[in-house]
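**Q** One-letter residues, chain by chain:
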Amino acid sequence: MNAEHAAHANGHGHGHGHDDHHHHEDNRNFIERYVFSTDHKVIAIQFLFSGLIFFLIGGLLAMAIRWQLAWPWSPMPILSKALWSSPSLGYRMPPEYFNKLFTMHASVMIFFVIIPLLTGTFGNFLIPLQIGARDMAFPKLNMYSYWCMPFAMIAILYSFYVEGGPAEAGWTSYPLLSVAKWATPGSLNGQTWWLIALLFAGVSSLMGSINYITTIIMLRAPGMKMFRMPMAVWSLFITAILQAFALPVLTSALVMQLLDRTAGTNFFTPTNWSVANAPSIVGGGQTLMWQHLFWFYSHPAVYIMILPGMGMVSDIIATFARKPLFGYKPMVFAIAGIAGLGFIVWGHHMFQSGMNPALGATFMLSTMMIALPSAIKVFNWLGTMWGGRIQYTTAMLNAMAFVAMFIIGGLSGIFMAATPVDMHIHDTYFIVGHIHYVLFGGSMFAIFAGITFWFPKMFGRLMNERIGKIHFILTFIFFNGTFFLMHIVGMHGMPRRYADYTGFQYLNNSAVIGMNQFMSYSAFLLGLTQLLFAGNFLYSIVAGPKAPANPWHSNSLEWTAPSPPPHYNFEVIPTVYHAAYEYSVPGMDKDYLPQTEERPPQAGPLDPVMGGD
Amino acid sequence: MISRFRWALIAGTVSLAGCGEMFDPGPLEYVDSPSLQTELKDKPTMQAAVRKALGNLFGPEPREIHVPVGSGLPMGGARLASHRHFDDGAKPQAFHVAVGSSTSTPGTIPIRGGFALYREHCLHCHGVSGAGDGPTAPFLYPRPRDYRKGIFKFTSTNTGQKPTRSDLEKTIRYGLHGTSMPAFDAMLTEREFQQVIDYVIFLSLRGETELALIGEAGIADEKDPNALSDEVSGEILRAVANKWKSADSQVMNPPIPKPESTPESIQRGKELFLGLNKTGNKVDCTSCHGPQALGNGPSFISQDVFNYVVFGGDPSTRGERLDAEAERIARKRFEMANHGSAHEPTADELKPLLAQIKKQWEDSLDDWKEPLRPANLNRGVYKGGRRPIDIYWRVAKGINGAKMPAHVPTLEPEKVWDVVNFVLALPYEPKLLEGATLPAAPPTSAPKVAQPKYDLSNTTLLADSPPPADPKAGNTK
Amino acid sequence: MRYWSILFALAAVFSIGAFVYAPFSPDWWLPNSANEPYHAVSKFGREIDSLFLIILWITGIVFIGTQIALVWVSWKYIDKPGSVATYFHGSQRLEVIWTIIPAAILVFIALYQMGTWAEIKFRSSAPKVLPLAEVTARQFQWVIRYAGPDGKLHTTDDLHLVNDLHFVKSAEKLEKPALIWLQSGDVLHSFFLPQLRIKQDAVPGLKIPVWFDCDRAGQYELLCAELCGWGHYKMRSKVTVHENQADFDEWMQRKLSEQNQSQIAAVAQGGK
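Protein chains in written order, with the working numbering: chain A, 1 to 613; chain B, 614 to 1090; chain C, 1091 to 1362.
Be aware that one or more of the hints could be misleading.
Claimed, not checked - Going by beta-carbon spacing under 10 Å, a handful of chain A positions derived as facing chain B: (1) TYR91; (2) HIS105; (3) ALA276; (4) ALA278; (5) PRO566.
Bear in mind the hints are in silico, worked out from the structure with no lab data behind them.
Ideal Cβ positions, reconstructed from N, Cα and C, are used throughout, including at glycine.
Pulled out of the complex, with its shape left as it was, chain A reads as follows (with noise of 0.2 Å):
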């Protein structure tokens, strides 16, 4: 690719009918176009729409969790009937089942929405439009990222037609529950389809970060200096390096599962080990081993889970709050920092686990450091919309969202951290509560942003704004409703994965009873709130209003390029003269100032720290 050259021979970039060898004839048929797309872009929308779909399936799956919950073992509406009918079980969910509700939803949630939506659509739509490249390096690399997802896909689904059903060892899949077959029925079969699952999306996200990683080093457009990225960008970048860097680890546990599970290994089983009446195994493993894999991987998982979250939110609050991003260096250092210290702190998950009680205490003190990258950010989040202009668009609410629930979700970890008080509330619903603030509070709100800002860049058109705001007011309300009081029932030592807690004296009462009913009703409502999403979604597709090519009038490159960008996105490959925050700049009589162009004078000098080389 010579950007360089087409650079040089067009400065400005709005050479209409400039002679360049990219802009060629798009001879692609309906497969090449939309199907097996080498096209970043439309890699991108399969992501998203898969995405999407399995999160309908994750969130039915919750819903199933919350009615039972809600009511304990009282037949469920429709659904009772359709997976209950056998007679001699009476319409009545068997406990297994719960197992593999909340197993599934986790899995799905995590594996199936979260990553990819934020790593796969909004890594590979963004990066090469915000640094200025036509499409990633590795264009073919990239559709077998995705095309590996259909594997994951159908192992995933078909796991809930095997005999004994889907895995039900949680989403965390500890042995000996999901090694040893007899268990549990969901560890028969359903388990051996999880690890073929996970070992595909694992696949898929190894190659994508592979990408991104060499996209962003090599492809950057002229002056695309690194810090001045957007957040994004640098987000996506160093979530990348994390996937690379932790992945191969989780595929190797997945796969020693998978050996442990079909050819007779003992990765996991210790000596001479029977579980539920089966012949007992030769063994010679180390149950807790598993544990530090699964999360030397899925700890940095949950900061893959988050940090795109917050660069999408960093470039969006900027946007709407019509001011450069307060602390632009730092914000990158914090990411950093994150994503390194995320790799010292799995440990944390495994206070309570037997792990040596010394190792806890070291755990203890790194895990307490990460939350300080992370405070740095949301204070830095402040910052940049202290003394803007605030727009309140969807996508601006959604981000602020996300600000104000990764605040909660970020100070209940602390309790987590400290292991004398995770000696209580580790397991409980103290940690459901923490992990859905983050994950849903965190990434789905910053993907709602994302999408809703996005959206007219994808597809051309504009979502509508009434209905994203209903939409939003709703989200908000209810997600609050439903996960919040999860830190309450938590604290009163409420376990999780408990298909039925009113056996216990201490959570038999009105209250807990309860709060549970209160979060079902909120998240049934929460439900119901994502159709309006996917109503505004699929109709602004179709029928949204025309989208200019920068609606929000922001800075990053993609904003140059028009909505949708072609294929191989830019005419001419511009060239950059700042970081993209530079909003408000005096003197000027538009307020922002798109990257391609450069800085007025009277300006100043930009300051290298805060404001990017």
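Could you slot chains B and C onto chain A? The hints should help.
**A** Leaving out everything else, chains B and C in the frame of chain A:
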């Protein structure tokens, strides 16, 4: 915010009050006994008659419970559910126990009732009809009990008799170690135990009556409209119920208390276990439990076959695994029998061998046609309880429905106690059975299959007669 | 539309309100015994509660501060005709301040917790007492093997019980926690005493010592906190704390005679 909260709590409480069945999914169904189809294959009228008689006696569906006259359930079965209404006139003692919150039910009793408790705690393994066919059941070994045969394994009563209520309570309260039956000691209250026991007995009565009705219908004329009249079915029910009523009088009490567990007593118990007592082989423990009491005796299907068939794959394909394994062993045996001849066995040649092997497998099944595995006595895990009296009962009167036979009166009580002392000592003295072998002339209960001329220990997986052991080997300790 | 700030304010008020109300209801607050809902019954429990409260106060203040800031900016700095956003890129001084202060607080929290953690979990702090019992978690019950009269495990006088944990109340001055050995019979489980704030996973292949005390006699609950299969939620055990050693010994004798029962008559004699 606070008011929103209170609203939620009130809404919650209201919905809780009406809870139990928040959403009515429609009627529930009892599952027919499989023998209704097999025994009455050509008698559709009789099939309908059985269903009708059963519905009259016990209620047409699980949520409408009829307590038949003469059921013997305590308090007339009132604890089966939380609502009841009496039949008018005709049947003085019978009443319906209805489940649910229908407003027309006049009598409401302030308990949850056996049905509700059973649905909550037991149903997913034992099934709506108590057939041991809940959704979790296929994945468990041993399989959950099917009450409908009226056979219960761990009882205090004489061989073949019904359990007492306290036997059932012990099973529910403390669970069955080494099985998937959990202990409900901390999950239910004293009253709730009684309610659940009532319901289990109700299901067992219903199931056994069903079997008896099928038997009656089997010998009756298809055209006879009165073959299963109310009188006949009532008679059948009372015969079944009387067995439950007499359980308490059938309790076996050891005539003497357990003697001190001395080394001598343990040694005597060991000799009995190994079949070495001088008065002749009256007991034969090793042929099932094996000389090291590992549960690998020769008259049982070998553990490899058992493990492959039971744990080697999906529960639904157990039959296929059995066929494959039988075929494999039959071929092996054929090769052994026709030593040196290289020709492939024909289907006709394999047939008798396969039949033998299938027979041997059948002989290892319990009364519910489920594969059995003799207990490993070294682990200190006792399914029927670890009290001396529990183990005495196991030895003295066997285990109903399983292959463990009764040993009283063959053995005198003192000798049973010796065996009990030995069994209780075994987990603490792992060397007790070191080097023990099978007795010289073992009386095997298994049918004799092709006598092996060679040591088949590495090749066959179905146990044949063991090789002759050194008669002195067992006496060394 | 500055009224959007009210939505964010409401969420904050709701969150704070829930935690403000929580201490006033025993069913919302940390679990304690029903008789004395605000007395944590164990020494570790009291320490953990105080650490919890410290973090709750710190995070509460930070939460209120950040939410006020968020609501304030979303109220004040809205897009209205004539308003101009200030053009600045940040302040190094502020960055340094809001790096150092949270860092100091976080390090303080971490170091402040270390002592309690070491006291509860480090093997070197295990009490020098004979073990009370060996607790084996299996699907789906707690199999408890008491050391019996001789105080030694794995002897013939051991008492075997299911889902029934008993120990003696700790005296005022004399701290004498109960010590158990925790192991698993099949898969992972977790030994969770909510009222005593104790949690420890039972790991296949490991034997882990756990010690705890309780200064109020009475009934408590033990549950499994690590997913262990279809009956995970069924793993409830009663926990009984006896007033004194004599009570405990009497209970143990009664249970032992039940365990040694060899005739029906003995039931009536031993009592139930």
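**Q** Against each hint, give a clear statement of whether it holds in the structure.
**A** Evaluation of the provided hints:
no. : hint   : result
1   : TYR91  : holds, 4 Å
2   : HIS105 : violated, 20 Å
3   : ALA276 : holds, 7 Å
4   : ALA278 : holds, 5 Å
5   : PRO566 : violated, 51 Å
Hint compliance for this structure: hints 2, 5 are not met, and every other hint is.
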